[in-house]
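> Note that the protein sequences, when read in sequence, are chains X and L.
For the first sequence, my numbering gives the first residue as 1, with consecutive numbering after it.
For the second sequence, my numbering gives the first residue as 1, with consecutive numbering after it.
A portion of the hints provided could be inaccurate.
[Claimed, not checked] Selected chain X positions facing chain L (Cβ under 10 Å, derived; list incomplete):
#1 Cys12
#2 Thr26
#3 Ser28
#4 Tyr36
#5 Gln38
#6 Gly43
#7 His49
#8 Tyr87
#9 Ser91
#10 Lys99
#11 Leu100
#12 Phe102
[Said to hold, decoys possible] Quick list of simulated restraints, FRET-style, between CB atoms:
#13 Asn54/X - Glu63/L: 35 to 45 Å
#14 Ile12/L - Asn54/X: 43 to 53 Å
#15 Gln104/X - Ser54/L: 44 to 54 Å
#16 Ala17/X - Glu87/L: 42 to 52 Å
#17 Ser73/L - Ser41/X: 27 to 37 Å
#18 Pro21/X - Phe39/L: 22 to 32 Å
#19 Ser41/X - Glu63/L: 17 to 27 Å
To be clear, the hints were calculated from the coordinates, so they are not data collected in a lab.
We put the beta carbon where it would ideally sit given N, CA and C, even for glycine.
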Amino acid sequence: DAKTTQPPSMDCAEGRAANLPCNHSTISGNEYVYWYRQIHSQGPQYIIHGLKNNETNEMASLIITEDRKSSTLILPHATLRDTAVYYCIVSAGGTSYGKLTFGQGTILTVHP
Amino acid sequence: GAVVSQHPSRVICKSGTSVKIECRSLDFQATTMFWYRQFPKQSLMLMATSNEGSKATYEQGVEKDKFLINHASLTLSTLTVTSAHPEDSSFYICSARENRDIQYFGAGTRLSVL
Chain X
1 DAKTTQPPSM
11 DCAEGRAANL
21 PCNHSTISGN
31 EYVYWYRQIH
41 SQGPQYIIHG
51 LKNNETNEMA
61 SLIITEDRKS
71 STLILPHATL
81 RDTAVYYCIV
91 SAGGTSYGKL
101 TFGQGTILTV
111 HP
Chain L
1 GAVVSQHPSR
11 VICKSGTSVK
21 IECRSLDFQA
31 TTMFWYRQFP
41 KQSLMLMATS
51 NEGSKATYEQ
61 GVEKDKFLIN
71 HASLTLSTLT
81 VTSAHPEDSS
91 FYICSARENR
101 DIQYFGAGTR
111 LSVL
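Can you build the whole structure from these sequences, using the hints too?
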């Protein structure tokens, strides 16, 4: 599976949009981009995933560049409860079908 | 999203005893479940992939005789830590993959071995 690069930490003011970047320059054509977050001492929570089109759900939006080498997770109106570690993961089929390899992620701190 | 239940949430045991952790998919059937371990201030590390009705596939460096995995039904996988020692103390997390290729995670089990 392709490796991802994320900034170690980011800050965001409550109520503002949080834009979390992720680089995945070695992504393969059949690999999806997944975003999860982990709040302290809990299991990871699925946020969103996509292949090449931009995606939106009730939690967030995912913007994938046309060359698929990077993406941005957007939390449109961050709240204090969005403070968490955010993981960007690329994963595909084949022998590693479904496996998720977690990196260090981005620690997002939302402040009042 | 789909719900995965993990039990117990916390367990304290004596060194040398065995501990069983259950992972259930509550509202979907999961052919494949995964077991992860997370040490303090570190990221999740995949331990093994559990397929219903077949033997689990362990990641390199994970002792299959120490971490026994059973996936007897489409909604239940269990992880048994055999002869636990203090170095096995960790946060164990399971996940289940549903048919849209999304993994949903349990809340985790904090194991403390005294």
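> With reference to the structure, classify each hint as holding or not holding.
Cross-check of the supplied hints:
1. Cys12: violated (22 Å)
2. Thr26: violated (19 Å)
3. Ser28: violated (15 Å)
4. Tyr36: Hint on Tyr36/X: holds, closest Cβ of chain L at ~8 Å, below 10 Å.
5. Gln38: holds (8 Å)
6. Gly43: With a closest approach of 4 Å, the Gly43/X hint holds.
7. His49: holds (7 Å)
8. Tyr87: Constraint on Tyr87/X satisfied, holds at 8 Å.
9. Ser91: Holds. Min distance 8 Å.
10. Lys99: holds (6 Å)
11. Leu100: holds (6 Å)
12. Phe102: holds (4 Å)
13. Asn54/X - Glu63/L: 35 to 45 Å: Given range 35 to 45 Å: holds, Cβ gap about 43 Å.
14. Ile12/L - Asn54/X: 43 to 53 Å: holds (46 Å)
15. Gln104/X - Ser54/L: 44 to 54 Å: Taking Cβ atoms as reference, Gln104/X and Ser54/L lie about 33 Å apart, which means the hint is violated.
16. Ala17/X - Glu87/L: 42 to 52 Å: holds (43 Å)
17. Ser73/L - Ser41/X: 27 to 37 Å: Distance hint for Ser73/L, Ser41/X holds at roughly 29 Å.
18. Pro21/X - Phe39/L: 22 to 32 Å: With Cβ atoms ~27 Å apart, the hint holds.
19. Ser41/X - Glu63/L: 17 to 27 Å: holds (26 Å)
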